[in-house]
Structures are given as structure tokens and as C-alpha cells.
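A.B. asks: One-letter residues, chain by chain:
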Amino acid sequence: MGYLGGSVTDVYSFAVYYFFWVAIAVFAFGAVYRIAKMVLFWRRVVKAEPRNRGVGAWIIGLIRTFVDPIIFSIKTKPHDFLAGMVALHLVGVIPLIFLLAHHVAFFAYWFSPYKIIAETGLWIPLSVTTSTLTITSPIEVKFVDSIWGPLTVVLNGDVLAILAILGTAFKIGTKVMEQIHGLRHVRWSDYFSLGLLLFILLTGYMAARHSTGTVTMDVGTYRTVLGLHILGAEVLLMLLPFSKYWHIVFGYWYGKLHEWYDLRVQKGLV
Amino acid sequence: MEQMAPSPAVKQLLEEVKRNISWEGFPADKLEKALAEALSALDSVKLHFLENCVGCAACAPACPYYYVSEKYGPVEKAELARYMYRKEGTILGKLLGPLLNAKKPQSEKDLDEIVEAVYRCTNCGACYVSCPFGIDSGLIIKGILGSIATKTGRAPTLIAVFDVIERKKLFLEIPSFMYIWNEVMKKAEQALGKPLPFDKKGAEYFLLVNMADAMFYPDAVIGAMRALDRAGLDWTLPSKPLAFRPPIAAVIGLQKQAKEMIKILDEDISKYEPKNVVLLDGGFVYPWLRFQMPKALGRRPSYRVLHIVELFEKLIKEGKLKLRQTDDKVTWHDPCQLARRGGVTEEPNFVLSAASKGFRKLPHHGAESYCCGGGGGIGCMNMEMLEQMGKLLGVSSKDLVASDKELEFIKKTAEHWSIAVKRKIDDVKKSGAEIVVTACPVCMHSIAGGSQLYGLKIQVRHIAAYIGEHIE
Numbered sequence: 000m001g002y003l004g005g006s007v008t009d010v011y012s013f014a015v016y017y018f019f020w021v022a023i024a025v026f027a028f029g030a031v032y033r034i035a036k037m038v039l040f041w042r043r044v045v046k047a048e049p050r051n052r053g054v055g056a057w058i059i060g061l062i063r064t065f066v067d068p069i070i071f072s073i074k075t076k077p078h079d080f081l082a083g084m085v086a087l088h089l090v091g092v093i094p095l096i097f098l099l100a101h102h103v104a105f106f107a108y109w110f111s112p113y114k115i116i117a118e119t120g121l122w123i124p125l126s127v128t129t130s131t132l133t134i135t136s137p138i139e140v141k142f143v144d145s146i147w148g149p150l151t152v153v154l155n156g157d158v159l160a161i162l163a164i165l166g167t168a169f170k171i172g173t174k175v176m177e178q179i180h181g182l183r184h185v186r187w188s189d190y191f192s193l194g195l196l197l198f199i200l201l202t203g204y205m206a207a208r209h210s211t212g213t214v215t216m217d218v219g220t221y222r223t224v225l226g227l228h229i230l231g232a233e234v235l236l237m238l239l240p241f242s243k244y245w246h247i248v249f250g251y252w253y254g255k256l257h258e259w260y261d262l263r264v265q266k267g268l269v
Numbered sequence: 000m001e002q003m004a005p006s007p008a009v010k011q012l013l014e015e016v017k018r019n020i021s022w023e024g025f026p027a028d029k030l031e032k033a034l035a036e037a038l039s040a041l042d043s044v045k046l047h048f049l050e051n052c053v054g055c056a057a058c059a060p061a062c063p064y065y066y067v068s069e070k071y072g073p074v075e076k077a078e079l080a081r082y083m084y085r086k087e088g089t090i091l092g093k094l095l096g097p098l099l100n101a102k103k104p105q106s107e108k109d110l111d112e113i114v115e116a117v118y119r120c121t122n123c124g125a126c127y128v129s130c131p132f133g134i135d136s137g138l139i140i141k142g143i144l145g146s147i148a149t150k151t152g153r154a155p156t157l158i159a160v161f162d163v164i165e166r167k168k169l170f171l172e173i174p175s176f177m178y179i180w181n182e183v184m185k186k187a188e189q190a191l192g193k194p195l196p197f198d199k200k201g202a203e204y205f206l207l208v209n210m211a212d213a214m215f216y217p218d219a220v221i222g223a224m225r226a227l228d229r230a231g232l233d234w235t236l237p238s239k240p241l242a243f244r245p246p247i248a249a250v251i252g253l254q255k256q257a258k259e260m261i262k263i264l265d266e267d268i269s270k271y272e273p274k275n276v277v278l279l280d281g282g283f284v285y286p287w288l289r290f291q292m293p294k295a296l297g298r299r300p301s302y303r304v305l306h307i308v309e310l311f312e313k314l315i316k317e318g319k320l321k322l323r324q325t326d327d328k329v330t331w332h333d334p335c336q337l338a339r340r341g342g343v344t345e346e347p348n349f350v351l352s353a354a355s356k357g358f359r360k361l362p363h364h365g366a367e368s369y370c371c372g373g374g375g376g377i378g379c380m381n382m383e384m385l386e387q388m389g390k391l392l393g394v395s396s397k398d399l400v401a402s403d404k405e406l407e408f409i410k411k412t413a414e415h416w417s418i419a420v421k422r423k424i425d426d427v428k429k430s431g432a433e434i435v436v437t438a439c440p441v442c443m444h445s446i447a448g449g450s451q452l453y454g455l456k457i458q459v460r461h462i463a464a465y466i467g468e469h470i471e
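Chains W and U are the protein sequences, given in the same order. Letter 125 of the first sequence, counting from 1, is numbered 124 in numbering that gives the first Met the number 0, and no numbers are missing. Letter 49 of the second sequence, counting from 1, is numbered 48 in numbering that gives the first Met the number 0, and no numbers are missing.
Simulated from the structure, these hints should not be mistaken for laboratory data.
Computed list of chain U residues with no C-beta within reach of chain W, every gap over 10 Å:
id, residue
1, K185
2, K313
3, M382
4, D398
One-sided excerpt, in silico: chain W residues whose CB lies under 7 Å from chain U:
id, residue
5, P68
6, F71
7, K255
None of the values given here were measured: they were computed from a predicted structure. Backbone N, C-alpha and C fix where the C-beta goes; we use that ideal spot for every residue, glycine too.
Chain W with its partners taken away, still in its complex shape (with noise of 0.2 Å):
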């Protein structure tokens, strides 16, 4: 018997009865110790007189302390950007996770107020044919309609989980490169990093294309295959404090806010 009541027979209703809330828990705690841990070591100290440039100045900043380094990006590596920031983060993986309709409808099971998102049509469909959340049983197939009008031509899961998978498969690949290359910052735990999300997302697509008509997976086969997909899931999920991973839910906001605060509005730079 699993934890919501379930019973645990097979990977699939392990994850889904059990290993859920060891996850939740898990990211819980991480969560909790690496902003207690930022607490704890703030210090008080005076500060000199800011330079003021005015609100103006300071909104310009702002944006510009999220948008500079982006545009440095694309100036001076081009490939990195396209792959890491377009395809892995951009139209990839983030939209995939928030806003894909099959993970909509899960979290919405699990925190109610996410229906929001289905119930102003901004889920993205599954494939451009269809928007139903399974394509397993025999359904009549027509053209997305959806909020997203034509763009659900390339904004749908299929796409999207092609465009992820290129993005971490190049990060991957930069990785063994920077590592011939004898460069010290790539770490072994970044493979396991970068694995885990591909693993999660082939299981993922793998998952969602069981079926194209004639049947390529049975029952079974499709429950393992969605088990383990939600099971890495919930293995990033209980990674993500302890691993480059709490920059999504941390570390990218307070540094950028910090930066903004340090250069833009205490020393004025314009």
C-alpha cells in the first residue's frame, strides 16, 4: 500500500503512491537548509551613501542585469546560446515542465489553483494533432485549437521535447569537450545532472509516442516507461537543492536581484 492509498505494484504506481512524497520531502528539506544556510550567514554591515541615478535608472538596470548577459551570449557564443538558452531553457525544457498539457494536469491534481493554466487555454498541447491528454485509446484527430493559434506548430510537446533533448544532449557533449580540453570546472556530477534530464525526457517523449495508431507498446511496457519517467522526475526533484538544479528555484533570482542591488542601485552604474 502506497502512501495517497494506491496500491504499489509495478514503477509506475511506485512513484505515483509512494516515492512522490519522498521527493516532496527530500526537496523540502534541501530547500529549507540552503535558504537557512543564506540566512544564517548574512552579516549585517554599514553601507556607503548610494549614488542616486534616479528610478528611471534603476528600472533600466534591472532589465538590463537580466538581458546583458544574454545578449553577451549570443554575441560571443552563439552555439552555447542556441543550444543552452534557446533549446534547453527557452522553448525547451522550462515550457515543457510548466506548461505541457499532460504536466498541467498533474500538478493541477496535486495544487488546484494550477488549473489556471488549462483553464485559460495556455497548456500546450501534446502533438499539433491532438490535445487530449492520451492519444491510447482511438480518437478523432484535428488541429490543435488552442490559444497558442498556428505557433502550435512548433509550441507542442513533441517539438519541444526534441528541441530539450538536442540542448542537453550539446551540454552533454560540451561537457566531454571542456573535459579533453582539460578545463577544472566540469565536474562528474554534471553528467549525472545533464544524464538524469535526458533520461527523464526520452522516458518522457517515449511515454507520450506509445502509440501512433498501430500498437508499439502494451499496457505494461507503457506503465514502466511513464514509472520511470516520473520517478527521474522526482529524483531531479529531490536534486534539486543539493546540485546546479537550485539555480531554477534560487540561485539565478537572488544573484541577479543582488547584482541589480549592488551595481545598478547602491554604486549607480548606467
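Given chain W, put chain U in place with the hints provided.
C.D. replies: Using the frame of chain W, we list chain U on its own:
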């Protein structure tokens, strides 16, 4: 000026400095102590810099030394500090060690790698503004790594000499230094045509002329005095230098000593009860006195700190300083410490536009300015500087290095600088400027040297010297 013989003070100074410097060996006990001190000084901001780097290396092309080798990218250099932090400061690092790149230096080679990282970083802050996560790698490299390098014996002897000269105020006892100071003051008096207003109490403006200002740009010292005088301000300056280039200890990562120096300087300045302190130096002196001083003192100073270019802007806007406008093809090089780390980016453009119709910005300016590659002590690491300082101190240049290994390191550093400076020179070339105006002695030296190296015929001037000549 004739070369002076070394005074007993200089001999004693060199002996004292060299006792703490050793470029060979692996002093495990010193390393442990230095590491413990570095970790005890962590705060939440440094914690973020150490813990949240994802290794994307987006910062790499921002660094002038990345163009020497990709192993000098900021992420690569700061990673050495992260190795140690993870091993000593995180539970997972202790448990998983190599999987997370968590390790401490184990050998002489590891310490050599650290010192190389420190002196391939100018702390220009370009990595800070190009990092997608707001991580200031320069602060980690020059701060934590610099402290570990110096405390385990690997500090450039010349900078360590400057540090002791400053903190013990030995510049007052070195005849060649005081000769330079007195000569500059004499020339300034001639230029102004009246006695200088030394050591006045309660003046509106206190021109903090440091020893290095008098040594590296005497024309700027005189130019600044002309401007203050012509604007009719109530101003003063110290009759003797208060510091060499404060706090020079920071250049070799000695934060505690740097803060001590700041306290001494504040006491000295406070005796004059000035309302404003005006700096000529647009290098690290500016952010230290303007932004770090309150942290070091635990209170805000009783006076405001501003750079001479900020004062020029104010005086021009108020109509107190009138300039004769020319057609000079002039540009402004933003010293990293004044601009990126100090926020003074708009004022120089305004001032130079008032001085010349031919003023143009560099293709990369302000927050995006290219570093000259000479900061962070690198500008002191060449034979020319060693020879010049040797002459002034009355010793041979060989006396200003601890060993052959240090000498080799200095030569290699100078070689790498010559590659790093090229990006800046190309930027100047693109601007079509014939005069580069700036405010940091190291930038001046680096750009002048770089332009000579790459065949660019330009003049490099300090803003106070340039403006001093444009006063109506």
C-alpha cells in the same frame, strides 16, 4: 635624478618582506590557516558566488585573459576556490569529494596553479556583469584565492614591498619618494603662481594626493590643483602623502590589512575635518574609499568621497569651471574599478564632451568596457616596473624578486599581458581616437604599453591632466 643608495629602512623592509615570501614548497600549516581564515570571512553573498555557479562558462569571453588561454576563463580560476570550499564547507563535498570537484591543494603544483589564477585576473568585474547568475568570480579569485596565495608565501615581492611601505608609512623615509613628492608640489606651486593651500582644516574639498599619484601622473596632480583653484573652491591637500596607493594590501588579497590601512587613512583624513575628499586615482582606490570604507570602519566616514571626474562634472554644470573646447579626437577608457565597480560611467563622457567636439565613446564602454589587462597587480609584474622601482629604492631589480621561480612567473605574466591588452588596443583603434583619457595609473601604463606594442600612435592622459590644460 641620480640613483639613490638603499637606506637602512629599505634594507630592513626587503628583509622583512622576503621573510614571508617563498615561491617554492608546500607549507601545509600555512595553507590550513589561510583556508580557515578565508572560510570564516564568508557571508551570504560570497556563499552565493561559491555555491551557485552552474559551470556554463558564459563569463569566459568577458575576461581579457580568456584570450590568452581558455583555462584562464573566470569560471576556471574561481573553480579553484570552489574546490576548497566544497571540501571544507559542504557536507556533500566531504562525502563525495572528487565527484563534486571537492578537494584541497595537495602539492607545490597546486599552489602554483592558484597563484597563476590570481595573477591572470584583474578583478575587472566583466565576469560579474556577464554571468547569467550574478556571480562575481573576480571577487572570489582576487579575494579568497589571492589571500591563500599570499599567505602561503606566493605574493609578488614588489607589491608586498609597496604594502609594507604604505602600512608603515615608510614612503616618508625613502628619500627618492619624497624627492618626487616635493618636486611635484614645487611645480604645482609654479603653475598656480601662489603657495599651495596645505593642511587646512575644515576645507570644503580635500584633494587626497597619494604617493602613487605624484609618481605616476604628476601632470594630473597639477591639473587637478589648477581646476580647484580656478573654480574658486575652498580646498586643501596634505603637505606630505598619507598613503602610497591605499589600500595596496588588497591587491595581494590581504583583506584584514587593507581594512586596517583604511582605518588609519580615515583617521589621518579626519584630522583635516574636510567635507569632501577628492581622489585622482580611478583604480581600486576609488571603490575602496567610496564603497568599502563604511564596511571597514563600521560607520560612514564624516566626509563624502568623490573622484575628480565627478567634481569636474559638477563644476562644469554649475558654471564654475569653464573649458576651452577643442577638436581633439579624444576618447575615454573606463577604468574597471571606477566604472564597473564604482558606477562612474556618465560623468567622464559629459566632461570630455565639454572639453572637445571630437570626443567619441569607445565601441565597448561603461559597463561593457574592455579591461586593459593590467589591473590586480599584473601591471607591476614586468621588468620595466621592477627596474624603475629598484632605482627609486636604491636596489637592483633582482632584489625585488624572491627567487628565479618568481622571476620566471613575472616574465610569463608580462607575456600573457601583451596578449590580453590587444583587445583593448583594437577597440581604441576602431574608435579613431588619438588621445585616450582615463584615470587609473595601471590603465594608463597598460594602454600606453599596449599601443606601443601594437603600433598604435596615441597619447594616454589622466583626465585631470587633460582637463587642467583645457581650463579657460
